[in-house]
Amino acid sequence: MEEKFMRRAIALSCQGVSEGGGPFGAVVVKDGVIIGEGRNNVVPGGDPTQHAEIVAIRAACRALGTHDLAGAVLYTSCEPCPMCLSATWWARISEVIYGNDRLDAAAIGFDDAAIYEEVARPLHARALPIRRLLGEEAISAFRLWEEKADKVTY
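Quick note on this note's numbering: the sequence shown kicks off at 20 and runs consecutively.
Keep in mind the hints are simulated off the structure, nothing from the lab. Possibly wrong hints are sitting among the right ones.
Mimicking DMTMM-like on lysine to aspartate or glutamate, the simulated pairs with C-alpha atoms at most 20 Å apart in a straight line are [unchecked claim]: (1) K167 <-> E156; (2) K170 <-> D87; (3) K49 <-> E22; (4) K49 <-> D66; (5) K49 <-> E114; (6) K23 <-> E114; (7) K23 <-> D87; (8) K23 <-> D50; (9) K49 <-> D87.
Please read these numbers as outputs of a predicted model, since none were measured by experiment.
Produce the complete structure using the sequences and hints provided.
See the structure below:
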């Protein structure tokens, strides 16, 4: 059964290439059923967040009407990049199964090593400048959140 889901992710990755996207595909499976699928659509969609995994996670969340995909498995044609891995964590996906690894991706020009290195650095040492502004004002939203009785935590 796992091979069936991975083959669908691979088929989506090939479809993505033929339609002008990157060579990545993904499906989200829960209880043995595909509940979301996606292919890389960064260039055709003009959106750098349209990675296959994120597209599949969004579709799965819409299908189930929830942000919580606990118990689901992500089958992806390639090891998730840092952005997609983060989305997988936030969605509470229970397992990731991938085909190509990050070294395979790097070999064809999709190298995430610099991102992994950047995230590991302290803020002051990062290549992308990051600085804080109006922290004392921004905290007001956090205080509202803390006080909100009917909040849905995630």
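Exercise. Taking only the CA atoms, is the gap from K49 to E114 under or equal to 20 Å?
Worked result: 11 Å, holds
For this session: Sort out whether E156 lies within 20 Å of K167, counting only the CA atoms.
Result: The hint holds at about 18 Å.
Problem set entry | Hinted pair K23 and E114, Cα distance within 20 Å | Holds, at about 16 Å.
Exercise. Taking only the CA atoms, is the gap from K170 to D87 under or equal to 20 Å?
Worked result: 15 Å, holds
Exercise. Taken at face value, is the distance from the CA of D87 to the CA of K23 at most 20 Å?
Worked result: Violated: K23 and D87 sit about 24 Å apart, past 20 Å.
Problem set entry | Agreement of K49 and D87 with the hint, judged by alpha carbon distance not exceeding 20 Å | Answer holds: K49 to D87 is near 12 Å, not above 20 Å.
Problem set entry | Restraint check for K49 with E22, where alpha carbons must lie at most 20 Å apart | 15 Å, holds
Problem set entry | Holds or violated: K23 to D50, with C-alpha atoms at most 20 Å apart | Judged against 20 Å, a Cα distance of about 14 Å means the pair holds.
For this session: With a cut-off of 20 Å on the C-alpha distance, tell me whether K49 and D66 pass.
Result: Judged against 20 Å, a Cα distance of about 27 Å means the pair is violated.
The structure does not agree with the numbered hints 4 and 7 stated previously, though it agrees with the rest.
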